[in-house]
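Peer 1: Here is what each chain is made of, one letter per residue.
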Amino acid sequence: MRTLVILTAANLKSFVRDRAGMFWTLLFPVVFVLLFGMIFSGTQNPKYSVGWVDQDGTQASARLASAFGAVPILELKPGDEPTSLDAMRKGNVSAVIVVPKGYGAALAAAQRPSASPLGGLPGLPGQAAVKLVLYTDPSHQTTAQTIQQIVGQVAGVINQQLTRAPDLLGVEPRPLQTENISNVAYIVPSILAMALMQLGLFGAIPLVEQREKLILKRLGATPLKRWTLVGSNVLVRLLVGVVQAILILGIGATVFHVTILGSLALVAGLVLLGAATFIALGYVVASFARTEEAASQTTSILQFPLMFLSGIFFPFEIMPDFMRAVGAAMPLTYLGDAMRQVMVNGAAFAPLSVDVAILAVWLVVCLGISARFFRWQ
Amino acid sequence: MTSATGGAATPAAIEVQGLRKRYGPVQAVDGIDFEVRGGEVFGLLGPNGAGKTTTVEILEGLRQPDGGRALVLGLDAARQPDGIKERIGVQLQTAALYPRLTVTEVIDLFGSFYRHRLATAHLIEAFDLGERRDARTMQLSGGQQQRLSVALALVNDPELVFLDEPTTGLDPQARRSLWELVRGLQRDGKTVLLTTHYMEEAETLCDRVAIMDHGRILEMGTVEELVSRRFQERAVRFDTIPDLDQEQLAALPGVRSAAPEEEHTVLYSADVPATLAGLLEAAASVGAEARDLSIRPATLEDVFLALTGHALRD
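Chains A and B are the protein sequences, given in the same order.
Taking the working numbering, the leading residue of the first sequence gets 121, the next gets one more, and so forth.
Taking the working numbering, the leading residue of the second sequence gets 234, the next gets one more, and so forth.
By construction, these hints were calculated from the structure, which means they are not laboratory data.
Do not rely on the hints blindly, as some may be mistaken.
[As the list claims (entries may be wrong)] Ranges of calculated distance between the beta carbons of each label pair, as one might list FRET restraints: (1) B/S410 / A/A385: 53 to 61 Å; (2) B/D421 / A/T411: 37 to 45 Å; (3) B/N281 / A/T411: 13 to 21 Å.
The beta carbon of each residue, even a glycine, is placed where N, CA and C say it ideally should be.
Let's have the full structure, built from the sequences with the hints guiding it.
Peer 2: Structure representation (structure tokens):
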């Protein structure tokens, strides 16, 4: 046990001092998350610039400006009408709102208590007294609709305040994660699964290197037990896997607001199970690859179908049937599926228990093959 | 510092009887017997594939033999490999074990594998690695790496040390300094079994040598015994003459055997004047002359060449 600790410490030291290895195992997944996250989150939280033309110039119109300014996804750009419209044509703003002259006066008139119900009110039902002019570009359908809705809502709130009508119908917002989860929420657990896959699979390369350079043989000639040696290698990989998971989940949570919806313990369990399965797969590769070069080629060849056919980057729904069939046999499919289910309530490819069972079967089979075929020299 | 065994008969450090090991169709070790006495430096020589490595691996407890018996320090190598590993030291050709650990860290690590160990500081001093104690092993020179490799083999203060081609790839100066280390091991009463490609190394270091080929031991004894037993002859060496074939040369007066040696031919002769006269005549008959002609006493290299049919370095 003491030897296990000392050997593991030595292996960790070796790992930390290997800058290139550190980059690939720790920084690479982080860069990956940031890159993919930024690409996929580009359309998620848009902010619209809107030209603001105040022709009224009263206190009332200034209050209206601050009301629009408080809407988080709007950014007001004040200006006169021709400049603002020009800016919109050039694509610098998405829409232009014009507050017509007489807005303040109309509001003041509406609020006068003495106004008689019929003659005094400037507006008639169905016909507004003052009209804000809103320029939008119908060819940008989503943007145009969104801005129209926002402006309509703001106008509605103001109407209601002015007429002092009691709230009849309210809205209570309640969150519900839809099955159609956002791209970033899909990508974060996927990248975690991918990182664990690479961590385990690439472990084959140093193993074969150590055998080729007779390091395993040299260690075999000491009283060091083989299980201690294997245990230490696995322990180092697991530790690195945990660090990777913390980094990836941390960035997902802080930068892209992808929080873990399910149990943290379950995620930790999946990280360990996934890492163990792919470490075992790495030992299988090391059992058959005779040279370091062969090991590195085998792992590269294996990782591509694993990555692209297992629903890690492309959802299963968009794949042709034969690719799905290949993907359905691969362990990464189930690790990614389980991670998404637990972390972000992703749509299930298989029930969680099936995911875990299939990963466990892969683990046991790989362990069996390694125990039978792994050579120490 | 000397071994505790006083008195007349030094017990055998290694006793091998009828040892066999087969890999598929290859009989790597084909029933060998030998004994290494306590405190002796014993050399195992042979071309690649002769069975040296397999033999040594069985003795180190790394492989199970198919048949026969190997006793190492009185323990059965097949049944008690763990007991043996605690008491032997092993040096392999690979030196950079943990390239990113420092000299001190690697020695500490290997020391942690054993119940009984020497102090790291002592080994660093004994192997002249003091200035490099905090250098990563990948930054060491070839000679320093080899010294570290031997230091690691001694970390448990072993009674028996296996050295696998300890000076391969070293420059002459580093080679000599390593030889000095091996002599020091012998002075400390340790038994050394070494394999080597260098005849000079075997002649300088080994009390006794065994020559192996095709899984068998062909000859065993001190270097002097081997040379004198096999060779009363002297070696006549010259640039190979293409028009004279081996059979013609072997039929010259006094010649016992002929062997090619790179671009030279070596004739082993019991009657040098007669052989020389015959050779010059034969050369003249094909219109050639024997260039770069030399005569020297036979060496271990010649014994090896005659026994295995090829030079040791092949």
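Peer 1: Please flag the earlier hints that this structure goes against, numbers listed from lowest up.
Peer 2: Per hint list: zero violations.
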